[in-house]
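Q: In case you want the letters, here they are:
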Amino acid sequence: MTNTIKQIFHSPKFVVGFCIMAFILLSMIIYPLVNPGNPLEMIGLGSFQKPGTYVSLYDSIDSSSTIFKLPDAENNRISQKLKDEDRIAIMNWLIDYGVSESDINLSDTNSLLDLWWKNYDSSILVEGMTKAKRNYYMRLNKSLESAKRTEEYVVSHTDKELNELETVRTIENTDYVNIQDVANVKRLPLGTDNFGRDVLKELVSACGTSLRIGLIAGAIATLIGLTFGLLAGYVGGIVDDIIMFITNIFTVIPSFVLLLLISYSIGQDQRGASTIALVIGFTSWVWTARAVRAQVISLRKRDHVNLSKLSGHSLIRIIITDILPYIASYVVMAFILQISTAILAEAQLSMLGLGPKTTEVPTLGLMMNWSMLYAAHLNGSWWAYFPVLLTIALISFSLNLMNTGLDQVFNPTLRD
Amino acid sequence: MKGYRKYFGKKIIWLIITFIAAVLLNFILPRLLPGDPVAVITARTAQGVSEASAVKQIYEDYASKFGINKPMHVQFFSYCKNALKGDFGLSFSQYPRPVSDIIHDAIWWTICLQFPAIVIGWFIGNFLGVLAAYIRKGFDKILMPIFLFFSSIPAFGMAIILLVIFGIHFKIAPTSGGYGFDLIPSFSFKFIGSVISHYHLPFWSIVLISIGAQAVGMRSMSIYELNADYVKYSRFMGICDRKIVGYVFRNAMLPQITGLALSVGTMVGGALVSEIVFSYPGLGTVIYQAVTMSDYPLLSATTLIITIMVLIVSFGIDIIYAFIDPRIKAAQFD
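Quick note, the sequences are listed as chains A and B, same order. Per numbering that gives the first Met the number 0, the very first residue in the first sequence carries number 0; after that it's consecutive. Per numbering that gives the first Met the number 0, the very first residue in the second sequence carries number 0; after that it's consecutive.
What the hints contain is simulated information worked out from the structure, not anything from laboratory work. These numbers come from a predicted model, not from an experiment. Glycine residues also receive a C-beta, built at the ideal position from the N, C-alpha and C atoms. Just to be clear, a hint being listed does not mean it is correct.
[What the hints assert, rightly or not] Derived Cβ-Cβ restraints for the label pairs, each shown as a range:
#1 B:L31 / A:G271: 13 to 21 Å
#2 B:G176 / A:S155: 49 to 57 Å
#3 A:K132 / B:G192: 28 to 36 Å
Same shape as in the complex, but just chain B:
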């Protein structure tokens, strides 16, 4: 267990460091860059106000409200203190709704949509990748370019294509929203049915994209492994093919798991944009609203939440990895 403890300890320290860095970046970036968010807000509120002193008054009012006239470190600590309490301030665009309330409503939609989609896409992709590497010939020649092409389409593009084909042309799926516009969220059969029918298109668009990307990676990993010495040796020993494929799959899978941990951030980014296409009530749509209405507190809080989600997921994958990778298991006996 000692090996594990050391490994986990190291991972947790990194988690904390990255977390602090993420919070710092989230705090510092908008303050370092040339644009002044408070000036933007002032410009929006002060539209039509021609008197310079009035505009200045509005600016100073906002400045003291957001505390930007206080020294940097005071701001940072009050920011951290409030963020820990889950208080991200009030949203500008949906005033006087608190930001945490908006995020609380949106976050489960995003988690329930993206988590299963990425996991299922990952499994199917890896399976097809091994199959392509093992069968080669015709199967590989056709599938490989298709996978590559699929992984080249941006996630929102796939979303639009599915939307137009199944939502508008065949009319078998609703085109926007997370549930019927005439329903109020509740635990009724009608509502759940509506949620499920709205779920399909965004779900499959994310799955299809991740299948492509994962299959390409898994295929080259497997080809690499299939040429390894241990495979040749097993062949000479007369071990049956199915067993060898099993070995190859396990070995090629390991880098894929780390790959997943590292690429979760990119995948989530793409998937968030495809939420916009469907006006899905998740974080992607919240980001979009925050950007179009220049709602800075909302944007900043959303990005922080997404970063934390990605951090947790990749930490989780690292932990799972420790139990799967025999080398880390072996470290226990050192």
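Chain A with its partners taken away, still in its complex shape:
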């Protein structure tokens, strides 16, 4: 046994897969400790906030500030406002206005802006320009002017009794606040989803649910498959015929169709994560049953089994002591594959809107479903779906890798 385990851990493929899986499991355990709370809490108003660190504007007004005279502060301020398409728009305006193209340097912000300030006038009518376009340039000019401005901001609050504004603070353009001094800072490494929920927190929790679905479904499928396979292979006769009849039918009828029909018929209210896991388990045992049966048939006529039979051992004892150990490695591998198929199946079902009921637990499939419903892929909110996809792919990749690694250990002909 120890020898086998040692051998397994010598297979590079298994080790890589194992490490990925261990990493996923560890982060599932550790992350909720670091960042506790309900993963489905809607913290943000509005959907799909970008990933990053959110600093409370309100609190930073109260924080003590220091003065830094940074040479590139003004440039940064302007280039923050000036996106690539704005630069191109500015260039187009300048060309239309009559500046020669060779004078314009797109990447040099200073020279580009110098040309812009020198030439732009909102009253100039460039030929062939629509009103919308003219308004766009006016807006652009205004936002650039506000970025150039050096006057301080005045923050005030309303005095209720006198009904007038009382100045709280003036903010210079050289004032800086240390982020440590601000009371409320929210780090959202993966932003928020369509409901304003923390994607990373949700993802970690969803990963746990999906793995649980995978485990339950895989365990059920393996158990049914193993029982059927053992019975059909070892007992043979009419039992074999009946089981093979059922198995043959279910191999050709796509399990996807069965899954669809069953989860639709169960109805929205009954569809919890564990129900879905059960349904997936009950529809995906066929492969295991077929393979176990084939293996058992080749074992049935071996000498040690015959010897056991002659000694009058019971059927259960023969199966457990003489047959199971020989197919154990295969069953473990089938189990691993079942887990990864079950996770994929849950994701597919949820994409169709047939996944677990949505309000209680997040699953990887549900996260995908919501982000697709709110068109995250069309409006560029990659953080809402890409990490989820990557997690699904990584989980099933690591399981597949472990499986290949095991295959090479137990199946010497496949070894490198």
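Following the hints, put chain B in place on chain A, whose structure we already have.
A: Quick look at chain B alone, frame taken from chain A:
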């Protein structure tokens, strides 16, 4: 020919049995399970109706319309009779359009998308798999994990990734639909061009996924065959490498063909979901609409059609297999 006849006879009997089982399942499952589709429909229609007797009236009306108040076997025979005539009832969500009409519109999109994609993916995958097994070393070390990773991505995931990269970022392919939204299906150059440009992304997303899965399987099959005695023997005999690879390819291919017959169902399932990502006008999108609008007749008919398609395809592959596998050919001479 006797061997063939026996083989085909057996296969056809199985086809018929599975077909009957599929129809039965399609009929029985919704009736056995706790949820009551008619209750769901009633709840939808009776929204805002507060009077209990009115709701009951609506329920009974639907019950007699769908015939669920008749005994089970009567229902089953009328179901079969209508299904044989291609009559699957009326759709709820697109009332009063018949279900068969919706499916008729969608089915060719799905067949034309998935059939070539799965076949091409299968060929490329098998070719790369043999190559990886034969060359080994660097090629295999790099390709093998890539294949595995590709086969681990769900089909809809690949669809989304391709959509975002080529449809939205590079803007070289349209992002949704089967043809331009401003066109009406016809045999004009403009329409066909539009169909082809919309075809690329869903097509390649399915191809890429099946390449991964097939290559992994073919690689281990080929490695298995390369270690077989006949390969070693041929090597001792001094037969040139290319010829040996040819033998290995043929032998490793056979299990792959049966593998294809058996996995067509799974592949179609994945590919159907990726149709949704592109809003491709095929059966996948129809299923999605049926689910979101709780249109039971449509869903049930669609799943039945998909099952029949998969049955026919796997039967077809079994027939082809009979002509390729020398062991079945040999059975003729027994």
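Q: Each hint needs a verdict: does it hold in this structure or not?
A: Hints and how they fare:
{"no.": "1", "hint": "B:L31 / A:G271: 13 to 21 Å", "verdict": "holds, 20 Å"}
{"no.": "2", "hint": "B:G176 / A:S155: 49 to 57 Å", "verdict": "holds, 53 Å"}
{"no.": "3", "hint": "A:K132 / B:G192: 28 to 36 Å", "verdict": "holds, 31 Å"}
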